[in-house]
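Engineer: These are the residues of each chain, in order.
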Amino acid sequence: MIEMVNAFFSGLFQIFSVATFGLMSLGILIGFAVGILPGLGGPTTLALMLPFIIKMKPVEAFAFLLGMASVTNTTGDITSILFGVPGEPTTAATIVDGHPMAKKGEAGRALGAALMSSLVGALFGAFALAIAIPIVRPLVLTFGSPEFFMLSILGITFVASLSGEALLKGLISGGIGLFLATVGVCPITGIQRYTFGQLFLWDGIGLVPITIGFFAIPELIDLAISGSSISEKYLDHVGGVKEGIKDTFRHFWLVIRCSAIGSYTAIIPGIGGATTQWLAYAHAVQSSPGKERFGKGAIEGVLGPGAANNSTLGGSLITMVSFGIPPSVMMAILMGAFLIQGIVPGPDMLIPPPKGHLDLTYSFVWINVFSNLITVGICFLILNQLVKITQVRGSLVIPFIILLIYLGAFAEKNVFEDLILVLAFGILGWILQQLNWPRPPLILGLVLGPLAENRLFLSTDNYGLNWLLRPTVLIFMGIIFLGFIYPILKKRGKKKVAIEIQKTSSQEGHEFNWDLILSLLVIIGFIFALIKSIDFDFRTGLFPWVIGLSVLFLTIIQFLRDFSIRAKKDKEYKPSILGQEIPREIVKKRTCIMFGWIFAYLIGIWIFGFSIGIPLCSFIQLKWCYRERWFTSIIITLFTWIFIDVFFYRLLHLPFPPGQLFLWLNMPSL
Amino acid sequence: MFRKTLFSIFLLSLFFSTNLCLAASYEGKTIRIIVGYSAGGGYDTYARVIARHMGKHIPGNPSIIVENMTGAGSLISANYLYKIAKPDGLTIGHFNGGLFFNQLMGQPGIEFDATKFEFIGAAVTEDCAFAFTKASGITSMEKWMASKTPVKMGGVGPGAYAPDNVIRIVKAALSLPIQLITGYKGTADIRLACESGELAGTTWGWASMRVTWRKAIESGEVVIVLQAVPKPLPDLPKVPLAIDFAKTDEARQMIELGIHNPGLFARPFVLPPKTPKENVHILRKAFLDTLKDKEFLAETEKSKLDLKPVTGEELEKAVSGIFKMDPGMVSKMKDILFK
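Sequence lines, in order, name chains A and B. Each step along the first sequence adds one to the number in our numbering, with nothing skipped, and position 564 is 564. Count along the second sequence from 1, add 670, and you get the number used in our numbering.
The hints are all genuine.
Computed footprint of chain A on chain B, listed as stretches where at least three residues anywhere in the stretch have a Cβ under 8 Å from a Cβ of chain A: (1) 707-715; (2) 741-753; (3) 845-853; (4) 881-893.
Heads up, simulated BS3-like pairs for lysine-lysine below, C-alpha to C-alpha not over 25 Å straight-line: (5) Lys-978(B) to Lys-55(A); (6) Lys-974(B) to Lys-55(A); (7) Lys-57(A) to Lys-885(B); (8) Lys-885(B) to Lys-355(A); (9) Lys-974(B) to Lys-355(A); (10) Lys-532(A) to Lys-1009(B); (11) Lys-855(B) to Lys-413(A); (12) Lys-972(B) to Lys-57(A); (13) Lys-413(A) to Lys-756(B); (14) Lys-55(A) to Lys-962(B); (15) Lys-55(A) to Lys-972(B); (16) Lys-57(A) to Lys-974(B).
Computed, partial: chain A to chain B, Cβ under 10 Å: (17) Leu-46; (18) Phe-143; (19) Pro-345; (20) Leu-458.
Simulated from the structure, these hints should not be mistaken for lab results. Backbone N, C-alpha and C fix where the C-beta goes; we use that ideal spot for every residue, glycine too.
Input sequences plus hints: build the corresponding full structure.
Structural biologist: Here is the structure:
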């Protein structure tokens, strides 16, 4: 026991040597920038930094790497809130309520809340790591494939249920996500599904382009429609930040619960920040009064994911340290760092020195604590400057956001086709947003789909059908069942109120019903997909068939429901879009122009490559579309060029595809 | 017509003139190593450490950078190297050599002919060891062969060299009681499933296994019962070889062409077809010199990276070797690996 306490404090003292602290600060600085920039993710950066740690001592190396890893989620929230572009794939959930807050002029409050809850989350994660160390091994070993499968199903149903009144739409959305997850080489049989001969689809549809397209492009359209700055109102002052901090403590228990969700689900291999953020968001929606506030700037919607995506690191480290099993990509790379340092993660990490490395393990706890304290401290210092970005006029920010969208989509896998995906999913995301279909279940379905399919087959191959009778599986089933029953029971009490609300919906009777068209398109899409899947063999086809047929069935119900509502006409539902005070004609025109530009950038990149295409488009857009002054246009264009060519191409060696023009002319690209 | 000819002559001369210039010297040039997997993985780690040291062994001391072109189990990068990359000696590919074998097996999507690549060499081979938990009761070959129920072994998906192909070939060639359960995300997930008792064991490269599973192997919780290599590995002198259990010529051939050869070219460094011989020669020599470089060795030692150099000539021989397999064997192999 005394040895453990010794190790605990020895871990603390170790990080306060000059070299260690300096390296930690350097790591924090890099992580700071990486978090803010979309596409440039934590894992990639960590991998690029590995060579530098060879000459470091273990504590120094981990101070450097963990310092970097532990802040990316914190600063990623900043991009999500300010621009509506996810800074990291793990901070997408912060957009849903954080960005609307920025639009309402409450960017300061949202940032304050996100940062403070991140800090609490990180501290909780560190704490969870410290206390979970003795008990985690037996706990995780009771988890076999059947439990992993049940857990992924629980995650999806949980998030689909957060769609509130649009439960059916939520389930369909989640189902579409699960179905999209079947694109690629089937992990069980190795047969290709829906790849249409495209190699880039073999690994499935990437999470990053979908997330960016789904959230950033609709926000960009909104920004273009409003014709103003991101923040439409000039409300916010420094006070907002303080308000955000206070919010964290007002909803302290929510923050703690979401931190716990982050830490403890991240222990499970395969579940990382991309999942935990949505679980926490769903929990925030479910446990807060007034569900209709969510998606329009509810503070709880910022606090939940803010805490969870940061507490995730602590949870992942638990699995990593006690088993040597990396539960996420980030951890897999960190495992490389362990090996470079000659340390094999595993039970040794839990034994006090001189026999083991418990002091090192505890130093991870401390590094996590201090790097988050430092980051949040720095953020608060510069927050006032950051908030001002939301007051810069839209025309100056739009080229930069488009740049971030395409660069972010490209940087994950370095393939050009992902740019087409980001645009396609941007359009889909915009349609879903316009028609009030929930988007998060789709993302989560996509993340958890492969886990669910693999583990379903692994369970059946390992245990036949007996796995259904395992006690832990039965417990999970009970929880899922309760999850479905509870909202229904709760609804019964509130039914009367709900009817009242429905009647107040607007009454533009002659409007064309786009909801109906969308349902119809989904139905056609699924019929087409199912026809294409007829020649799959049983093991390849089972998952797409089950999912496809269920979604088809649900969508038909949705279609019939919309149809009957349309027949009644007076119940016509019109989505509330932003900028309603702007005449509809102008909204339509601006939407078309913006989509035109997003498309033009893609063509520009295709023909001229990134280094020329993007600055060229930015310049034309600034000078002739927005009629900015020459000076402003040139400065911003130059900035985009430096950003791409110097930073990403020359410094980070991102293999940008050469422009087609240079290929046609057989010239070396620039 | 005339114009067209003139134009193509112009293009050709442009092409050859750049080729000749580049072949002459690497001074001031940048060599790119295109890795088929993402940053931080095994392929990437080897490529980066080699990139840091190889430049000084090439005349003209070019700088060497690593780029990651991920996708389709590194097939995207392999196709890129074959079809798009210029054969100017400035682009090196590092992808999964198992794809050469998969070409023979008729995997869709492969757009290269493996025998036409120019081979630089490999830093390490994939030497598979079969490991089982003590709890599974499979602690020796005798016990394994005597097992009444099929022994559960974990895989990652059809077409992967290890564990899947190696397990399937060994099962077929040696008629061992095996139930392959495939679809785990990686060897880490398989390890966890073994420790929780879901699986009995699996196989993958010993170089990686002895590091990531060290504790369990040292304590005897995990036992190595078989190795699928031509000669015993230095630190596994007493573990029997799979090929010694083969009773027929056909079984032996299966193991040699399906396991030993692909193990040799699992992690190749290759150049696009038609790269000038001079460049191939320079890079082959520089590659071998790098693997003997003192600073390089110090770094790999520290990072626990296993080294077992294979020359370009050896790779070439191993690759062309599998394409000499007779058609009957090929179709039999297809049945074993994909049915």
